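As you go down the protein sequences, you meet chains A and B in turn.
Following our numbering, the numbering of the first sequence begins with 1 at its first residue and continues without gaps.
Following our numbering, the numbering of the second sequence begins with 1 at its first residue and continues without gaps.
Hints in this document: simulated from the structure, not taken from any laboratory.
What you are looking at is a predicted structure, and each value in this text was computed from that prediction instead of being measured.
Keep in mind that the hints are not guaranteed to be accurate.
Stated by the list, open to error - Facing chain B, according to a computed beta carbon distance under 7 Å, are these residues of chain A, among others:
#: 1; residue: 29
#: 2; residue: 47
#: 3; residue: 93
#: 4; residue: 95
#: 5; residue: 96
#: 6; residue: 99
#: 7; residue: 101
#: 8; residue: 102
Glycine included, each C-beta is placed from N, C-alpha and C at the ideal position.
Residue-level listing of the chains:
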Amino acid sequence: GQNIDQPTEMTATEGAIVQINCTYQTSGFNGLFWYQQHAGEAPTFLSYNVLDGLEEKGRFSSFLSRSKGYSYLLLKELQMKDSASYLCAVTAAGNKLTFGGGTRVLVKP
Amino acid sequence: DTAVSQTPKYLVTQMGNDKSIKCEQNLGHDTMYWYKQDSKKFLKIMFSYNNKELIINETVPNRFSPKSPDKAHLNLHINSLELGDSAVYFCASSKQGAVTDTQYFGPGTRLTVL
Numbered sequence: 001g002q003n004i005d006q007p008t009e010m011t012a013t014e015g016a017i018v019q020i021n022c023t024y025q026t027s028g029f030n031g032l033f034w035y036q037q038h039a040g041e042a043p044t045f046l047s048y049n050v051l052d053g054l055e056e057k058g059r060f061s062s063f064l065s066r067s068k069g070y071s072y073l074l075l076k077e078l079q080m081k082d083s084a085s086y087l088c089a090v091t092a093a094g095n096k097l098t099f100g101g102g103t104r105v106l107v108k109p
Numbered sequence: 001d002t003a004v005s006q007t008p009k010y011l012v013t014q015m016g017n018d019k020s021i022k023c024e025q026n027l028g029h030d031t032m033y034w035y036k037q038d039s040k041k042f043l044k045i046m047f048s049y050n051n052k053e054l055i056i057n058e059t060v061p062n063r064f065s066p067k068s069p070d071k072a073h074l075n076l077h078i079n080s081l082e083l084g085d086s087a088v089y090f091c092a093s094s095k096q097g098a099v100t101d102t103q104y105f106g107p108g109t110r111l112t113v114l
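The following block holds chain A by itself, in its conformation from the complex:
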């Protein structure tokens, strides 16, 4: 089976940096995705990591350590529109995407 853990909620100030951690246990790891989901909307793709290291994409970066079963999503220069849930998802055996419960980020002025 698979187990994915991420914090339930985080609060940060506009302009600051927030790091959302995700730990996973899975058999047959094939990559890790981060999705953003605003309230009442569809999840949208942010990043994909399959090799160890940091992937940077504008204000958002994602890091993966396969040996530790660990990833984080880094959000820099936070904006009010970044208030959303951030979902960590792992692709493993059977080409299935398994999601964590999501981390709700609240950005305050």
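Add chain B to chain A, keeping to what the hints say.
The following block gives chain B in isolation, referenced to the frame of chain A:
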């Protein structure tokens, strides 16, 4: 120009009824999915079709039956609705269903069973 669309967006119905949710994608993708997101916000895969062929069938009650008339459409029919079926149902698609393919989600259908 919607990539993945679902109808209806909201569905309120009584226990015991039968209902369908429709999904269409205009991305030219081969693979489509149905997910259920419960009140605790966990997104769980239910079904996946590749070119009209069922490839993922998770442990869901057989009251749920997906149907794919062509690779651009994947509908979900639910018989004898129960209170526990209340959730948001998301349709998604990906290019070929490969592990590295990004999945694109529809806007969701909020189902409320009374």
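Per the CB criterion, is residue 96/A less than 7 Å away from chain B?
5 Å, holds
Have a go at the residue 29/A hint: is there a Cβ in chain B nearer than 7 Å to its own Cβ?
10 Å, violated
Restraint check, 7 Å cut-off on beta carbons, for residue 102/A near chain B:
Check passed: Cβ of residue 102/A comes within 5 Å of chain B, closer than 7 Å.
Is the interface hint satisfied for residue 101/A? The criterion is a beta-carbon contact with chain B at less than 7 Å.
At about 5 Å, which falls below the 7 Å cut-off, the nearest Cβ of chain B leaves the hint on residue 101/A intact, so it holds.
Would you check whether residue 95/A satisfies its interface hint, that is, whether its CB is within less than 7 Å of any CB in chain B?
5 Å, holds
Under 7 Å, Cβ to Cβ, is where residue 99/A needs to be relative to chain B, so tell me if that hint holds or is violated.
Holds: closest Cβ of chain B sits about 4 Å from residue 99/A, inside 7 Å.
Let me know if the C-beta of residue 93/A comes in closer than 7 Å to any C-beta of chain B, holds or violated.
With Cβ-Cβ at 10 Å, over 7 Å, it is violated.
Interface hint outcome for residue 47/A [beta carbon to chain B under 7 Å]:
10 Å, violated
Checked against the numbered hints above, the structure breaks hints 1, 2, 3 and satisfies the rest.
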